[in-house]
Amino acid sequence: EAGVAQSPRYKIIEKRQSVAFWCNPISGHATLYWYQQILGQGPKLLIQFQNNGVVDDSQLPKDRFSAERLKGVDSTLKIQPAKLEDSAVYLCASSFPGSGGSSTDTQYFGPGTRLTVL
Amino acid sequence: QKEVEQNSGPLSVPEGAIASLNCTYSDRGSQSFFWYRQYSGKSPELIMFIYSNGDKEDGRFTAQLNKASQYVSLLIRDSQPSDSATYLCAVKIGGTSYGKLTFGQGTILTVHP
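Chains as they are written, first to last, in our numbering: chain X, 1 to 118; chain V, 119 to 231.
Take these hints with a grain of salt, some might be off.
With a Cα cut of at most 27 Å, we get these calculated DSS-like pairs of lysine-lysine [as the list claims (entries may be wrong)]:
hint : chain 1 : residue 1 : chain 2 : residue 2
1    : X       : K15       : X       : K78
2    : V       : K218      : X       : K44
3    : X       : K44       : V       : K120
4    : V       : K185      : X       : K44
5    : X       : K78       : V       : K160
6    : X       : K15       : X       : K44
7    : V       : K160      : X       : K83
8    : X       : K11       : X       : K78
9    : X       : K83       : V       : K120
10   : V       : K185      : V       : K120
11   : V       : K160      : X       : K44
12   : X       : K11       : X       : K83
13   : X       : K62       : V       : K218
14   : X       : K83       : V       : K218
15   : X       : K44       : X       : K71
16   : V       : K120      : X       : K62
17   : V       : K174      : V       : K218
18   : X       : K44       : X       : K62
19   : X       : K83       : X       : K62
20   : X       : K11       : X       : K44
21   : X       : K83       : X       : K15
22   : X       : K78       : V       : K218
23   : V       : K120      : V       : K174
24   : V       : K160      : X       : K15
Pairwise CB distance ranges (calculated) [stated by the list, open to error]:
hint : chain 1 : residue 1 : chain 2 : residue 2 : range
25   : V       : G177      : X       : D63       : 43 to 49 Å
26   : X       : D74       : V       : D176      : 28 to 34 Å
27   : V       : G134      : X       : R9        : 35 to 41 Å
28   : X       : D63       : V       : K160      : 30 to 36 Å
Just so you know, the hints here were simulated from the structure itself, not pulled from any lab data. Treat the numbers as computed from the prediction; the structure is a model and nothing was measured. Note that CB positions come from ideal geometry on N, CA and C, so glycine has one too.
Chain X with its partners taken away, still in its complex shape (with noise of 0.2 Å):
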């Protein structure tokens, strides 16, 4: 079963810049999560999609970040205009819509794309 797919593997750009990520999720994956990661913290929820609409975007800076899901595959996450504090990983997850206390909670993820903002 082929994983989560994540492009570009790195990004650097310049501050005000604009960049956008890309996931493709585990197929048959109806949950699609980005996180950001700061260096030396745990992964922070920016997004979730549950197909191709928004579940949870509580912690998603909207004034510079957007998000979304076409077709309830593939996602685009996109920073216009980048800051210094963008400079993270920005990991892209999914997992299978389960009713809670199962396996199919499990959120799986991808490599992840090191984003550095100069």
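Chain X is fixed; fit chain V onto it per the hints.
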């Protein structure tokens, strides 16, 4: 108070010893608990999940959950240098399938030969 708290370490144990990693959480409604391992420069990978009070064993790993104390732990028996990594505790806040997964800051484990 953070929603999920872990001792950031580093925790250093000798090869062959038992490593004990601890995690506390604040939301009493949490129902799902996960331990992820993250090697430096890599993405998190699932080690174990636990939903019921008590112990759950998988090979050298044992997860322990005490909902009354809002405490979950991971024991690694016969620790190996390859176990050296950051261990992330994650708690599903909310009891529905849409509940948010919240991570602790991670505990750095070093197993020395």
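Verification of the hints:
1. K15/X - K78/X: Holds - the C-alpha atoms of K78/X and K15/X are around 14 Å apart, at most 27 Å.
2. K218/V - K44/X: holds, 10 Å
3. K44/X - K120/V: holds, 13 Å
4. K185/V - K44/X: The given pair, whose Cα atoms are some 23 Å apart, holds under the 27 Å limit.
5. K78/X - K160/V: Status holds; Cα separation ~22 Å.
6. K15/X - K44/X: holds, 22 Å
7. K160/V - K83/X: holds, 24 Å
8. K11/X - K78/X: Holds - the C-alpha atoms of K78/X and K11/X are around 13 Å apart, at most 27 Å.
9. K83/X - K120/V: holds, 25 Å
10. K185/V - K120/V: holds, 17 Å
11. K160/V - K44/X: Cα-Cα ~16 Å, so holds.
12. K11/X - K83/X: Holds, at roughly 14 Å.
13. K62/X - K218/V: holds, 18 Å
14. K83/X - K218/V: Measuring from Cα to Cα gives roughly 26 Å; hence the hint holds.
15. K44/X - K71/X: With Cα atoms ~25 Å apart, K44/X and K71/X stay inside 27 Å; holds.
16. K120/V - K62/X: holds, 23 Å
17. K174/V - K218/V: holds, 23 Å
18. K44/X - K62/X: holds, 15 Å
19. K83/X - K62/X: holds, 14 Å
20. K11/X - K44/X: holds, 20 Å
21. K83/X - K15/X: holds, 5 Å
22. K78/X - K218/V: holds, 21 Å
23. K120/V - K174/V: This hinted pair holds, its Cα atoms lying about 26 Å apart.
24. K160/V - K15/X: holds, 25 Å
25. G177/V - D63/X: 43 to 49 Å: Once the Cβ atoms are compared, 46 Å apart, the range 43 to 49 Å for D63/X and G177/V holds.
26. D74/X - D176/V: 28 to 34 Å: holds, 33 Å
27. G134/V - R9/X: 35 to 41 Å: At roughly 36 Å between Cβ atoms, R9/X and G134/V fall inside 35 to 41 Å, so the hint holds.
28. D63/X - K160/V: 30 to 36 Å: Check passed, 31 Å falls within 30 to 36 Å.
In the structure shown, no violation is registered for any of the earlier numbered hints.
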